[in-house]
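Protein chains in written order, with our numbering: chain A, 1 to 172; chain B, 1 to 435.
Derived from the structure by calculation, the hints contain no laboratory data.
Bear in mind that the values here come from a model prediction, so they are computed numbers and not experimental data.
Any given hint could turn out to be false.
Listed next, the in silico DSS-like pairs over lysine-lysine satisfying Cα-Cα at most 25 Å (straight line) [stated by the list, open to error]:
| id | chain 1 | residue 1 | chain 2 | residue 2 |
| --- | --- | --- | --- | --- |
| 1 | B | K372 | A | K53 |
| 2 | B | K372 | B | K38 |
| 3 | A | K32 | B | K372 |
| 4 | A | K24 | B | K362 |
| 5 | B | K362 | B | K372 |
| 6 | A | K32 | B | K405 |
| 7 | B | K233 | B | K323 |
| 8 | B | K365 | A | K32 |
| 9 | A | K53 | B | K370 |
| 10 | B | K187 | B | K177 |
| 11 | B | K322 | B | K247 |
| 12 | B | K233 | B | K75 |
| 13 | B | K366 | B | K405 |
| 14 | A | K94 | B | K372 |
| 15 | B | K134 | B | K344 |
| 16 | A | K94 | A | K32 |
| 17 | A | K94 | A | K46 |
| 18 | A | K24 | B | K365 |
| 19 | A | K24 | B | K366 |
| 20 | A | K94 | A | K53 |
| 21 | A | K24 | A | K149 |
| 22 | B | K370 | A | K32 |
| 23 | A | K149 | B | K134 |
| 24 | B | K187 | B | K344 |
| 25 | B | K326 | B | K344 |
| 26 | B | K322 | B | K233 |
Label pairs and their computed distance ranges (CB to CB) [to be verified]:
| id | chain 1 | residue 1 | chain 2 | residue 2 | range |
| --- | --- | --- | --- | --- | --- |
| 27 | B | A353 | A | K149 | 54 to 60 Å |
| 28 | A | E22 | B | D421 | 53 to 59 Å |
| 29 | B | N122 | A | P35 | 51 to 57 Å |
| 30 | B | S319 | A | G141 | 41 to 47 Å |
From the three backbone atoms N, C-alpha and C, an ideal C-beta is built for every residue, glycine too.
The chain contents come next:
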Amino acid sequence: MQDSAVAEFEMSEYWYINPGWEEKVEDFFARKREPEVVLELEIPGKDFNIAGKGSSEIKNLLKRLGVDSEILRRIAVAGYEAEINVAAHSQGGKMISNVYDNLIYMQFIDNGPGISNIQQAMIPGYSTADDLVRELGFGAGLGLPNIQKNSDALHISSGLNSPTIVEIIIFF
Amino acid sequence: MTETKYFHALQILTDNCTGCTACVRVCPTEAIRVRDHKAIIDSYRCVDCGNCINVCRFHAIIPLSDPLEIIHQFKYKLAIISSSFFGQFTEDISYEVAKQAVLNLGFDQVAEEAAVTDFMINIIRDYIRKNRDKRPILSSNCPSVVRLIQLKYPSLLPNLFHQEAPMSILTRYFRDKISKEFGLEEKEIGIFLIVPCIAHVTAVHQPEGAYKHLQDGAFSIGMIYGKIRDSLKELQNNPPSIETYPKGLTWALSGVQAELVDCEDIRTLSVNGVENVMEILSRVEDHYLDQYDYIVLRTCTNGCVGGCLNVENPFVAMSRIKKMIKEGQGRDFDFSELYELYQKGEFAVVPLAPRPIMELDKDIKKAIQKMKQINEILIMLPGLDCSACGSPSCYALAEDIVLGKASIDDCVVLLKRHSKDSEEVENQDKDKIND
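Just chain A, same shape as in the assembly (with noise of 0.2 Å):
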């Protein structure tokens, strides 16, 4: 992840290691294990119905693979928060699912126009939503501060005319 940090543009990024698992997400990036199974999908922009698919769709996979229903319901929440984030704020983008046997690494990675502040975006009903995503039921300025709740690991990278990387990790 280190690699995506386009140097031309003023980037900025946000880490976040939920206490305790600092070790184990240090040891996830340095061994750069192939994943078993990936997932990829379209996000289109403003796409309301199609966006939160995704989550749904590696819910069922990872019910497959016989992940506890508490964990599940982490992945499920802090992947469809940042379905929605690409759907509501971006011109769209994917999300790229890898599962190991131990955990899920997502990416959401959008086509821009990026996150001016990152911290601002964190602060919990922050929201920068326009008219179209508030009628829609969106937009509370929860979406971030979600995701890091249900995340073991958040790296956010973005810069106001780029695009925005969300990568999640949480562990089985």
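Fit chain B to the given chain A structure using the hints.
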């Protein structure tokens, strides 16, 4: 497929089955396969929703219920009628007449589910208020919903309303009462349900969660309807004067039931139809519906009026029942004894064990291997989900292959493509020879 532990109130008439796969495609738990041109039901996965019965055009999957004659094995015979029964008749047939006609079939007494609706509403509210830590509470009256949760959403089992359904509450109450009143032993009293769906027949013969023996048989509304039709006209000329509870008929309608439970501190949602039920349960799992305190779930259209043992269309039946509720005179059933029993915990049910069907393997590493194999096979399959192979979808076939229950040669589309390819190769070979 060899699991025979679970009884289900349906039967496949193999001679009638054409292997058309219509049932395979409508089964919500993917319990049906067509093998050797005949449908087979996996009894472990079946939830008795009745979809396959409704969709079969060849009369090859038929519902099972008990024959009326079994009532004669008992000294005292009580029938308990499910609310949707009263929506099956034309509007000139009154509630009184329909009820009396059932009594005339040879019962000593007839009671109805509708009598305890108010009581149910009260204990549901009480239960919700005492279990605020579990949100939302899910209705447990529909046996198909309960099975679905055991199979596909086991994490929601604690959210079920852990009390008996109204007809079982009545069974408990009347068995005791009749026994005392007539000095009969419990086993001399036959208590039978008249039910709208096979899930209730299954539940009578294979109760899950009950602490005590409940009913002695279940009759289909359709069968009873056929038997009383002739006597209805006669009774109409001489309407009986018997107790009825039209205000309580709401139990047959999932939407109206939810509205009745809804109050200042309890927010309810009503869901019917098996696809809707599954979507909602999936969202409840993710805590996206925590704003609701109570969700009424029924797998049939409009609730119990949509059950496969009814004779009338669910929308017409619903409209008639609504009319009866509106025009009916409220009569009060004395609930004091029932409340006492409820307070003592007499109606509590045993927490149900999950019956998971989703996991490919108990060991996650093996499950991943199986999933990889499934994905490898899936890429080869045409993705048409045509069911011609006898499995409900290409994914299901891939899974069946990996689990050793099917072969890739079962795919008709691939077979056709291969034969076409080999034909072309043959033709090319011929051309070469001709050249």
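Against the structure, the hints:
1. K372(B) with K53(A): The hint holds at about 21 Å.
2. K372(B) with K38(B): Roughly 30 Å separates the two Cα atoms, so the pair is violated.
3. K32(A) with K372(B): holds (20 Å)
4. K24(A) with K362(B): holds (24 Å)
5. K362(B) with K372(B): holds (16 Å)
6. K32(A) with K405(B): violated (36 Å)
7. K233(B) with K323(B): It holds: about 21 Å lies between the C-alpha atoms, which stays within 25 Å.
8. K365(B) with K32(A): The given pair, whose Cα atoms are some 18 Å apart, holds under the 25 Å limit.
9. K53(A) with K370(B): This hinted pair holds, its Cα atoms lying about 23 Å apart.
10. K187(B) with K177(B): Holds, because 13 Å separates the two Cα atoms, which is no more than 25 Å.
11. K322(B) with K247(B): holds (9 Å)
12. K233(B) with K75(B): Violated, at roughly 29 Å.
13. K366(B) with K405(B): holds (18 Å)
14. K94(A) with K372(B): holds (22 Å)
15. K134(B) with K344(B): Satisfied, since the Cα-Cα distance of roughly 22 Å is no more than 25 Å.
16. K94(A) with K32(A): holds (21 Å)
17. K94(A) with K46(A): With a Cα-Cα distance of about 13 Å, the restraint between K94(A) and K46(A) holds, given a limit of 25 Å.
18. K24(A) with K365(B): Given that 25 Å is the threshold and the Cα spacing comes to 19 Å, the pair holds.
19. K24(A) with K366(B): holds (23 Å)
20. K94(A) with K53(A): It holds: about 12 Å lies between the C-alpha atoms, which stays within 25 Å.
21. K24(A) with K149(A): holds (18 Å)
22. K370(B) with K32(A): Satisfied, since the Cα-Cα distance of roughly 23 Å is no more than 25 Å.
23. K149(A) with K134(B): Cα-Cα ~20 Å, so holds.
24. K187(B) with K344(B): holds (24 Å)
25. K326(B) with K344(B): violated (35 Å)
26. K322(B) with K233(B): It holds: about 23 Å lies between the C-alpha atoms, which stays within 25 Å.
27. A353(B) with K149(A): 54 to 60 Å: violated (31 Å)
28. E22(A) with D421(B): 53 to 59 Å: holds (55 Å)
29. N122(B) with P35(A): 51 to 57 Å: Taking Cβ atoms as reference, N122(B) and P35(A) lie about 53 Å apart, which means the hint holds.
30. S319(B) with G141(A): 41 to 47 Å: 45 Å Cβ-Cβ, so the 41 to 47 Å window holds.
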